[in-house]
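If you're matching them up, the sequences are chains S and U in order.
Going by the numbering used here, the first residue of the first sequence is number 1, and it counts up by one from there.
Going by the numbering used here, the first residue of the second sequence is number 192, and it counts up by one from there.
Hints listed in this document are in silico derivations from the structure and should not be mistaken for laboratory results.
Since the model is a prediction, treat every value here as computed from it, not as a measurement.
In this text, a Cβ means the ideal position worked out from N, Cα and C, and glycines have one as well.
Just so you know, not all the hints are guaranteed correct.
Looking from chain U toward chain S, a few residues come up when the C-beta cut is under 10 Å (computed) [stated by the list, open to error]:
(1) Ala203
(2) Pro205
(3) Lys217
(4) Leu224
(5) Pro228
(6) Glu233
(7) Leu351
(8) Ile381
(9) Arg387
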Amino acid sequence: MSIEKPDGLTPSQTIGPFFAYGLTPRAYGRPELATEQVAGESVAGERIRIEGRVLDGDGEPVGDAMIETWQADSEGRFQAAGNAGFTGFGRAEATAEGAFFFETVRPGALPGPNGSRQAPHLAVSIFARGLLVRLATRIYFDDEPGNAQDPVLALVPAERRGTLIARRGADGVFRFDIRLQGEGETVFFDL
Amino acid sequence: MSLIFPRKGLTAHPLNNSPDYRSTLKRAPSQPLILLPHMLSETTGPVFGHVAVSETDSDLTRHHAGEPLGERIIVSGRVLDEDGRPVPHTLIEIWQANAAGRYVHVKDQHPAPLDPNFTGAGRALTDAEGRYRFVTIKPGAYPWRNHHNAWRPAHIHFSLFGPSFLSRVITQMYFPGDPLFPFDPIFQSITEERARNRLISRFDLDTTQPEWALGYRFDIVLRGREATPTEEPHEH
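Sequences are here, hints too, so could you generate the full structure?
Laid out in structure tokens, this is it:
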């Protein structure tokens with residue numbers, strides 16, 4: 001069978017400001033594909049809560065962003081690898097104040113290139129009005145000793161590495177703000 | 192067989208730094224992106240089975256008691272990888288304005304009428320050959336405040352997952368011959384003309400249903416191609 005090679009990738013366009021009734025439609029009474037509850041109660045692992053805000057170059061909240069997360073389970077396995085009830089996929093609409101949260105299990109470590117170990121992390125996509133292509137980042141955790149050997153954090157200049165690390169507060173909640181531009185700009189990856 | 196995700200096709204995408212689209216000014220990162228070698232978190236991605244989609248989800252004209260106003264259309268096509276092979280059983284989510292150019296979204300202030308029989312959101316899974324099909328209403332153009340007399344060309348938003356975190360994309364499908372193309376900084380943010388034109392669906396008599404609805408074809412090409420023996424399984 002011969003297959004015609006396509007002309008090229010379908011280009012990205014912005015999610016725009018009006019995605020909620022399609023992608024995060026809780027307020028519209030439509031069923032949601034995924035929410036900020038990433039792991040059901042039956043899923044094994046340490047329960048964690050991550051909270052943050054999406055901020056623009058003026059430090060103003062980005063009130064029309066969608067944040068998606070993708071992660072392994074507590075044993076470092078991805079979806080459909082014998083961990084029923086765990087999708088590993090989260091989706092949240094930022095509030096008018098730019099705020100979001102996820103409740104999940106702490107992911108396990110993962111193998112990296114050349115025998116290295118990746119510290120536990122979530123892969124994150126940010127979509128918003130004004131973003132023509134999604135931004136990709138990672139959420140690491142400040143209490144993980146494996147961060148020091150993580151092959152991705154090692155690629156990031158030391159002075160910016162902290163933007164990828166969620167910090168656990170006295171209340172046990174991890175804080176992770178996403179700054180799209182300017183002072184303290186979050187590290188985004190070229191995928 | 193394993194998929195690899197070359198980077199050379201990414202030049203099709205717009206840059207976030209596209210100042211003619213004013214919302215980018217305070218939102219586009221100012222620091223260069225850091226090249227990320229593809230590891231497990233990137234080469235895997237969520238899978239959505241039939242549980243995510245009901246039969247009527249792909250017919251946006253049947254979500255309410257009555258029929259929506261406007262021009263009924265059939266939008267169909269295939270989802271393919273960079274080699275042209277089908278991407279089967281992958282989720283597509285769409286949303287759009289109604290025939291008058293008004294979104295259901297609570298923040299849309301355009302003084303055009305809402306249609307009580309049209310919400311404008313749908314989902315579908317591709318079949319084993321990567322095919323999908325939606326029935327909907329042709330959306331209207333609508334004004335926005337990017338610049339004086341700014342109007343968006345009619346479009347349908349498409350959100351796709353594909354096989355991995357790397358293939359995730361959100362885009363917009365346009366309609367052939369729209370006179371607003373030259374004036375739209377979002378469409379024009381794609382600098383390669385050939386790439387831009389890939390977002391324009393084409394009228395298709397074969398999928399047009401007599402006495403019923405016009406057919407538009409829109410194929411979508413996601414990242415990922417088959418590794419050949421000479422290639423590394425991961426690009427570093």
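Checklist entry - Are there hints from earlier that the structure breaks, and if so, what are their numbers? => result Those not satisfied: there are none.
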